[in-house]
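Asks: In case you want the letters, here they are:
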Amino acid sequence: MTGPSPARRRLLPGLRSRRWAAVAAVGAALVLSGCQIPSFGAYKGATTQGQDAYKLWQGFFITGAIIFLLVFLLILWAVLRYRRKTEAIPAQTQYNTAFEIIYTIVPVLIVLGLFVFTFITENEVDALSTTGDPVTVNVTAFQWGWEFQYPTYDVKVLGVETQDPEMVVPANETIHVFLRSSDVIHGFYVPAFNFSRYAQPGVTNQFDLNITHTGTYRGQCTQFCGLYHSLMLFRVKAVTTSQFDTWIQQKQSTPQSSGSIAQAKREILQGRAS
Amino acid sequence: MKIEGLFLLGVGIFFGAIGIAYWLLSYEDGGGMMLLGACLLGLLPGGFYYYWHRRFLGYRYFYWGKLERTVGVRLEDRPDATIEEGAGVVNSFPGSSIWPFCLGMGAFLLVLTFIFGVWFVAPAVGLILVAAVGVTAESRRGGHV
Amino acid sequence: MTDVIDLPVTGAGVHHPVVHEHGADHGHDEHGPSGLLKWMTSTDHKVIGLSYMITAIVIFYLAGLMALGVRIQLASPTSSFVTLGQYNELFTMHGSLMLYLFAGPFAFGGLANYIVPLQVGAPDMAFPRLNALSYWLYLGGSVTMLMGFFVAGGAANFAWVAYAPLSNVTNSPGAGADAWIMSLALTGFSAIFTGVNLVATIFYLRAPGMTMFRMPIFTWNMLVTGILILIAFPVLTAAVVLLVADRHFGTHIYTVVGCTTTATAGHPAVADPTACGSPVLWQNLFWFFGHPEVYILALPYFGIATEVFPVFSRKPVFGYKGMVFATMAIAALSTGVWAHHMFTTGVVLLPFFSLLSLLIAVPTGIKFFNWIGTMWRGQLQFTTPMLFCIGFLFAFLMGGVSGVMLASPPIDFFTHDTYFVVAHFHQVLFGTTVFAGFAGLYYWYPKMFGRMLNERLGKAHFWVMFVGFWVTFMPQYIVGLKGMPRRVATYPTNLGWHSWNFVSTVGAFIIAASFAILLVNLWTSWRRPVPAGNNPWDAHTLEWFTTSPPPHHNYTHLPPIRSERPTWDYNHPEHPTLAHGPGHNGSSNGHAGHTNGSVATTEVPAS
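Protein chains in written order, with the numbering used here: chain A, 1 to 274; chain B, 1001 to 1145; chain C, 2001 to 2607.
To be clear, the hints were calculated from the coordinates, so they are not data collected in a lab. Quantities reported herein were computed from a predicted structural model and do not represent experimental measurements. Certain hints may be false.
[What the hints assert, rightly or not] Here are the simulated DSS-like pairs of lysine-lysine, each with C-alpha atoms no more than 25 Å apart in a straight line:
| # | chain 1 | residue 1 | chain 2 | residue 2 |
| --- | --- | --- | --- | --- |
| 1 | A | Lys251 | A | Lys265 |
| 2 | C | Lys2482 | A | Lys44 |
| 3 | C | Lys2482 | A | Lys55 |
| 4 | A | Lys251 | A | Lys237 |
| 5 | C | Lys2459 | A | Lys85 |
Generate coordinates for the entire structure from the input sequences, incorporating the hints supplied.
Replies: Now the structure itself:
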């Protein structure tokens, strides 16, 4: 009672084996259920890159949820079980070397595992295709709208704020985007693609999109860019290859009426009382 | 003093290691420079403390290998030191002084030039100079003007 | 029972010539300044610490009101509670006030200033006048930032991170922006001076027997925080100086637009972006400060938790050395991860920053297990400080797990700049600065003022805040994953974000109600004081040995210091603490309980 407590006191008698059994059961259930793993709130991904990111998200979420549950239950147990019952002073345990080593090494291993999967997925998402004939789109962000320019076809789409300009691209083909900004930093974000990238002045970012389903996907500027940041919307419309060719021909035959970025900015400033 | 020295030297060595790894992996100037700066931040005072630790122990020559423990350790580093052993005066603790307020307000006025105009520099710099002189005089007289 | 060693402040180990002097000590109040002048000239760390804390809490309430403004605006999709421009000012100033002017200064300028000298047995901080200067610079800096609201063009509106080129003179021309920048300069220097003071005090002014591994964990955390401050804040100051140069002295350090090559004969100047600077440079500099900054904010509050858990479990800290090394590891790693805020720029080395960011979870996990281990098999008493610390555990647990997710670039690509991140950092920051911060307030309030805060009101404060906290921030995770970006004043009506935002706003008002309860508690404790005594909590560390509030120069008596719990050892000699550090590996009975408890026969006056 009065001496120092023994060094090797077990802190989790009995509970240990039950806890690990529970974890194993949950893990097995998840593995066995295979493709029924819930999405945990994220988009499943409308691009191949987005789908890779989605799988990584699921893995991280499950790992995080298990760790959260484990620590949460430990705290709850401690708080409920060890309420003060008497005035007796408890054993003054100061350390337990075995436990401390375990809960240093095991998290390192978990983290390294997470890193390996991160590294693999990262390379998949950021990979730029070197073969084939991608559709190239130059995306320029500006205060406060988007311009989509197709250099191969000499076609341009420009829209400001809630005009919600549409980037029409073919599905199931590689789309190569060059992204930059003409003034401040903006963010090119399409939630359904599980992807965003900064549009910056002086630095051109490149990335590939391989959209797997046709459809219209909303996008928005995510990097705060000033007064009308909230209104900087755009859309990505994935169509079939033939529809895309038709659209290109349409745009090429009609005169370019979308104007220039500088013109659009002038119109914004004129149209708004500061 | 040894622990402080090792602490800061550790900081310096850590940044050195991270800095070298980062530089070799990325050749990025900004981060490399900042990590180098942090490395020096640790090595400089850390080396100073470590050197004084060895001087304090009574080594006549500062070179590796001469290990004569003569003088001993500071009281706060000795696990069995008693309070009465440390009897006496600790240090000079100036009890009250107007100069920090003066200097602080001078700095405050100085930055207000960006709001109110360049003419604010005059009272600001004036206050700062008065405070600088005042605090120096105060220190020379042992902390009391 | 060990005899009281009748001795005041001691420790003649410093090899500087000692000057016997105390300005206001000659005759105490009769000869020294009084009233307002006494406050303005005080160099007493307790007075300065209290000034910091009161100023910081006022700013906290102001920033909280701004948060309410933000949440009211977001409660409905196309609200016009504030204009778009006013909204940008609101969230910029909310973040800036909270991060630059409340969380840090409350911790290292307020609590640490007050508590660290007491915990190491020192009469004051190492540099008292520098300490006072820190406070006046902080006050000046706070006023400067708030002045932004009163200048033409309004307060700063470019978010608390002030990314270039948005923060340059073309995009943010007003004086409010300059006020914001200058405020950072002032408070930055204030923090640096406090960091110097903390490190010097902890290295040099410990009482005899208080070896490094007998310091309380709060003091260890403040030491590491002090060094982090010295690493991080100068970089911010440098970045801000360059920003001022860009804004007012025509340089092109961060800007790219508008640069031209130099004109030569036959070749007029043309626009040449490569002739200019780099906006990414601002991000690199800022985040090299910014990430250690959030650990500067977190570590003191971790320290508070590590003080509160042992006291209300009636056990020592579990894994003391592990805690110390975990703190050092967290601080070390935090300096190497800055670019995880820049994953989406496309120009940073993703694996390096991702790995280090993921690794920070390990020492943080160690700390968690040690806190749980402290409670394990203890006799837990759920006083208000303990409740707040348990709330901190839950909040930080979830915030930490979401942080691990953000450390992975592919996941960061779709959560960056969305409400997922907003929920993450609010959970970790609110969990530390607010939950653990209030734990510290309730815990040390009796020591500082000699009176107790009402326990029932304190518990009500906790529960209302705890409920409000989860109601506010859980919907933000959901809506962030659905794609809602941050820093938006309005959002589309047809995306299903409305109901979640509304719930979040309700939660914000619940939190606000809890702060009203705190004000009532502070008021009643002042009007109807309940005296506290030296050690109302039966706490462990040195500051609880002296009176409440402590006398001038802190200690008239000091107990023998043989472990990290000198007061506990003095009060409970039959339950000694194993000492840590050189000469004591903690595995034997060591010196615990067998001190050189000789009584001093010479009375040395407090010098």
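Asks: Now tell me, hint by hint, if it's right for this structure.
Replies: Hint check results:
1. Lys251/A x Lys265/A: At roughly 23 Å apart (the allowed maximum being 25 Å), Lys265/A and Lys251/A satisfy the hint.
2. Lys2482/C x Lys44/A: Status holds; Cα separation ~11 Å.
3. Lys2482/C x Lys55/A: Distance of about 17 Å is within 25 Å: holds.
4. Lys251/A x Lys237/A: 15 Å, holds
5. Lys2459/C x Lys85/A: 20 Å, holds
Of the numbered hints listed earlier, not one is contradicted by the structure.
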